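S.K.: Each chain, written out:
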Amino acid sequence: MKQVGAVLRDYLVLVMILGLALLTAIVQPKFISPANLVNIMRQFGPLILVSLGMTFVIIGGFIDLSVAGTINLVAVVTISLIGPLGQTGALVTGLVLGSVCGAINAVLILTAGAITQAEALFITFGMSTFYSSIALIYTGGSTYHFWDLKKSPDMFLAIGSGSIGVLSVSFVIFLVALAILWVFHTKTAAGRAISLTGGNKTAARLAGVPVSRSIVLIYTIAGFMAALGAIVLFSRITTAAPVIGAGFETNAILSVVVGGTTLKGGKGSVLRTVMGVLLVILLNNTLDLLGVSSYMQWAARGAILVFAIWLDNRKEVQGNQL
Amino acid sequence: MDATGSEYILSIKDVTKSFPGVKALGGVSIDVKRGMVHGVVGENGAGKSTLMKILSGVYKKDTGTIIFDGQTIEHTTPHESMLRGLAIIYQELNLVNSMSVGENIFLGRFKEMKGMHGTHTKARALLDSIGCKVSTTKLVSELSVSNKQMVEIAKALSFQSKLIIMDEPSTSLTSEEMALLVKIIHQLKDQGISIIYISHKLDEIFDFCDIVTVMRDGKVIDTKPKTEFTRDELITKMVGRTIENEYPERPRNPGENLMEVKGLNTRKLHDIQFHLRRGEILGLVGLVGAGRTEIVRAIFGADKVHGHQVTIRGKAVTIRNPKDAKDAGLGLIPEDRKLQGLVLPFSVEHNISMASIDRFTRFGFVRRSLEKGIGARQVQSLKIKTPNTKIAIKNLSGGNQQKCIVGRWLEIGPSIFIMDEPTKGIDVGAKYEIYVLMKEIAEKGGAVILISSELPEVLHMSNRVLTISDGRITGEFDPEHESADTIMRAALGLGGAS
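Protein chains in written order, with the numbering used here: chain A, 1 to 322; chain B, 323 to 820.
Calculated directly from the structure, the hints in this document are not laboratory data. All the pointers check out, no bait thrown in.
Derived contacts from chain B toward chain A, CB cut-off under 8 Å, selection only:
# : residue
1 : P644
2 : K645
3 : V665
4 : G686
Label-pair ranges, simulated between beta-carbon atoms:
# : chain 1 : residue 1 : chain 2 : residue 2 : range
5 : A       : L263      : B       : K335      : 41 to 47 Å
6 : B       : K707      : A       : L290      : 52 to 58 Å
7 : A       : G126      : B       : L661      : 25 to 31 Å
With a straight-line Cα cutoff of 30 Å, these simulated DSS-like cross-link-like pairs (lysine-lysine) come out:
#  : chain 1 : residue 1 : chain 2 : residue 2
8  : A       : K264      : B       : K375
9  : A       : K267      : B       : K660
10 : A       : K264      : B       : K716
11 : B       : K716      : A       : K267
12 : B       : K766      : B       : K746
13 : A       : K264      : B       : K660
14 : A       : K187      : B       : K645
15 : B       : K694      : A       : K267
16 : B       : K345      : A       : K267
17 : B       : K626      : A       : K264
18 : A       : K264      : B       : K382
19 : B       : K712      : A       : K187
20 : A       : K264      : B       : K645
21 : A       : K267      : B       : K707
Note that the coordinates shown come from a computational prediction; the quantities given were computed from them, not determined experimentally. Each residue gets a CB set at the ideal place from its N, CA and C atoms; glycine is no exception.
Kindly produce the complete structure, drawing on both the sequences and the hints.
M.R.: Quick look at the structure:
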């Protein structure tokens, strides 16, 4: 009886995804139309990339609100550099810029001696505003479009809407990123150091585990993945405004937590995050198809976040016995 | 034999409790007489804490009956237990640090107290009744452990408790504070309040308990009046085997200098200078807060300290962080096992392999087969009691957790082992095993720095003892030839070691 409960808790998200998909397919057959499935796959693109990066920050025991600002900055800078640097140059610069933004967060957190999630929350919130403001200053508040470019950016267009076989390019990017990050987290010493840091920073440090390096690493990964997400995002909509990333930080945190990675740090998985993102996106899609207003959708999202944290804490209570 | 309401305040019958994979309690029966101090002893993992948590309502029992003050208790919550008159004072005290003493005593009952004035007046009366002079408006965070306990006791009294359970209350107390606690226990007893006193320290059990229950492996081994127990019998019953001595022989024949420390100054430490020889155990003695822990943390690179010189085997080394210390051949068993030593949600194996991760990493990748070997080897060689190495370490008893931390360092074989309160909160059997490990480390050519608040432990195990008082080294002694009294005087900074 107890065992069944434990298993159910572990796979609750999966059960919810399947249940939700099934229910929607019955109520609204449009759900399984190819057009809608492609739509889901495309929506999945940017959010999952950002969320995969966020997973590392949360496993490491911290949190990153700066990804929204990073996305804003990387999107406008990258698109503006396609002309002067060419597509590859712009892509690489964008990814480096995102990583640097992440590393700056980490250095600030270390310098400030911030050891709690709450401190990191405020520092990265400040940095999000900072990066967004640079993006606004850089663009003067205007929006960049692909059609303003002299030459059509075919590589970015492919990233945004191309496909390889039945899979969209952005989905392939996701699969590659997932595979690399999963191997990194579960198979490497650096990945282990991140988990231990999240599990107990003090104990990890006293055992000679490189805690500071882990903190730099998690934020750099989050920055890089936010940049990748930004690139996939503006490539799909062929436009980059300096506010393009708004809401991504909360959706990413939501997805990670709903997936079952604990906000307490230490335990979690990128695979869980995939499920979390799926659930969040499916929920949006379902509510869209059912014609629920977007105001109500926000309420639903808030409710599942609270639910996910409640579930997480219940797990803790059960696990703490003995 | 009948547990009538008149004779027994608490009657526990055949209580069982299982957790996934472990039977924590296998049919426990204890009767606690009214107005008695009932000692409960047993190794960590014997089931004492589980039983107490069932009594207070933190856990639910699987089977069995509990009768408290004539009432059968089925399911309860900690709050209901309190109201019923059963209070528990946990080892890690349950107070709100950011609130005042008075507010803590009457937490959530300000209305009944008719506001803050009533709260503080009544709190004052309660504290006075146990001879505690702490101001009721002081913040709990500013209190010593001893005073926090007094607040907990006052809180228990405020509920008209009939039974107070104290879970290892003496762990962090000085001897004067302990004397005060004993006085209060006698006083409570005179008022007709029953007390269950859980402890590892046999001296305390023999000092003031009336009846003693010995638990082992989730069962009650024996319950009888203290006077019918001998010390040896009690130890034997606790560990389930005969222990010849409480301490092994100290290591013999210390050799040449292994480490020298010079010019260690911080805001708290003043000109610390000492050496450590190969093959010896060096004891640091001092009161809590005298600077013992600060010295070893500074050497280990755990705190940022500049300007001191550390020489190992004649070579100057710079240690800026624990990683440097590890590379220089140092290992540390930190003072606070749960907060500084363990990664609680992680497996036994991952906790053991933490420090030696470089040893089983190739091209950045963890080699799991080697890691499993490390976990299995340490569990076997240190006789760590665990169903398997995959189980989360928080499920192990204190002694076994501590052995995992020792194993973590043994795996990389540091030559200098720093142990800060290595036997705090662990049972007699595991203590002895840790002493033997210390001795082995020293005899294999390493050295141990031992910090402990238990004076007999330091005096029996160390080859040399340094006394620390107020951030200074106040003396160096050979514990084999010096009286404990002289050493303690030096540790208290009472001169005598000019």
